[in-house]
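Colleague: Sequence:
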Amino acid sequence: MSKLSFNILNGFEKGNYFSRILRGISANMLNQLINILNKLALVPFFISNWGTRTYGEWLVVTSVVSYLALTDMGGTNYIINKLTQSFSMNREKEFRRVLKTGVTIFLILSTLITLMAIIAVKFLSLNSLLSLKYTNSYTINIVIVVLAFQVSLSLLLGLIIGTYRSIGYYAKSVMFSNLIQFLQLISVFLVLVLKKGMVAVALGQLSPLILVGVYVVWNLNRDIPKLNIFSFDEINFKEGISFFVPSFNFFMIQMSQLLVTQGTVIVVGKMLGPTAVVIYTLARTVINIVRQVLGMVMNSSKPEITRLDIQEKDSELANLFKQITQITLVCGCIVGLILHFYGETLYGLWLNNTVAFNQHLIDSLLFYILLMTFWFGFADFLMAVNRHKHLSVVILISSTLNVIFATLGANIVGLNGVVLGLIVGDLVLACWFIPYLALKYKPIMNLKTIIKQISLLLIFLLNIVFNNIFMGIITLIILMYIFIINITTNNKVTARFR
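The numbering used here numbers the first residue of the sequence shown as 1 and each following residue consecutively.
Hints in this document: simulated from the structure, not taken from any laboratory.
Any given hint could be a false lead.
Unchecked claim - BS3-like mimics (lysine-lysine), calculated; alpha carbons at most 27 angstroms apart, straight line: (1) 238 to 93; (2) 238 to 389; (3) 313 to 440; (4) 226 to 172; (5) 93 to 313.
This structure is a prediction, so every number in the text was calculated from the model and none was measured.
Go ahead and model the full structure; you've got the sequences and the hints to work with.
Modeller: Below, the structure is given as structure tokens:
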């Protein structure tokens with residue numbers, strides 16, 4: 001295996017990009033499993049040891065502190081993309097300068113976050129502000145400082161771990177994150193078994209971050225000789241300032257997505273009442289699983305997209321983009337059809353038939369997610385190559401339109417109208433203009449492929465409209481055949497690319 005001039009083992013030369021993406025998907029699947037365990041397995045222990053009141057206050061505190069993570073403002077995404085570009089072009093000095101400048105910025109940011117938390121607990125009555133009645137203020141203040149330090153350390157470590165993505169080891173970076181979350185799960189479980197309180201749980205979450213963080217820094221300095229990641233000899237603050245605008249554009253994209261996610265819940269609550277909110281959020285929870293699974297493929301592909309773009313290997317880039325978008329859309333249609341025909345049964349088993357199942361709502365959300373999968377693939381491409389300035393504005397406008405149309409839909413049709421409004425909002429702008437932005441930058445997909453992908457959406461829509469089980473089975477068989485053909489063909493094609 002070859003090495004670059006600055007003696008870094010090149011992960012992008014380990015196998016073909018298809019095998020690297022598969023390893024990334026596997027690591028992400030493990031990440032999802034650990035997330036599910038964290039959210040579900042620990043809840044009974046929290047409630048049995050603390051009771052619902054104290055556990056509820058813990059959720060309030062952790063939710064409030066988690067907003068501090070927004071201070072990242074998209075910096076991690078932008079800096080890691082730049083590192084990938086520098087590494088792929090064998091620009092040693094630029095790679096070190098960008099990394100050390102980024103680490104220094106995040107060190108300053110982390111320090112400020114922790115200081116803000118200390119000042120807040122010193123001068124504010126947080127128990128009163130957060131309406132906490134069952135936990136004493138001393139405990140709450142300590143927990144907030146510990147959790148704030150945890151968030152600040154997570155931001156810094158996220159950038160450092162992300163460095164592995166930039167040198168071709170995406171799966172390794174995800175596995176480091178998985179290790180932290182798994183150790184946190186074990187640590188919190190042991191604390192709860194020992195019947196300890198909030199402070200112990202907060203420290204239990206913090207300790208794996210510190211332990212893994214120390215190991216990652218040592219490991220990274222070993223893998224990149226003479227790096228000295230916390231040395232300040234190659235920092236360029238002028239360049240660091242230049243990170244702000246493109247990072248803020250990433251932040252705008254994140255906030256725009258949050259606008260749709262939270263905005264529609266507010267619309268449903270204000271116009272249709274709390275029962276409708278429960279039905280809507282539960283249905284969206286089911287559908288979001290589909291989106292998260294499909295997102296694994298694109299997230300695992302982004303370092304490869306960044307590398308191929310900066311190296312101007314446009315034919316390989318177009319081939320990769322065609323593969324991942326085709327596979328995600330076919331998989332989405334397969335899962336969508338299964339949920340369309342058997343969703344009511346699965347929903348009833350999950351909630352023990354305590355909440356009414358709305359077939360039209362589920363179908364509308366499924367089509368909305370598949371439509372988003374189509375156009376957001378082009379958005380992911382633009383973000384992967386740091387060409388997201390205009391994208392951030394378009395997504396903000398589109399998200400605003402989504403909320404407006406969702407409000408109109410709720411007023412005219414009711415709950416189903418909310419999702420119809422989201423679909424209309426996407427069709428008005430995002431569905432065509434974001435692919436246009438991506439194709440204007442580089443011809444990563446031809447018209448024939450676009451028509452094929454739109455045809456998949458229409459086939460799925462026809463199955464929903466006719467609701468015929470035999471038609472659905474035939475469509476599933478065809479989609480499975482297309483999926484197998486794509487996988488086998490792609491594996492042969494990508495074997496040629498190193």
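Colleague: Which of the listed hints are broken here?
Modeller: none
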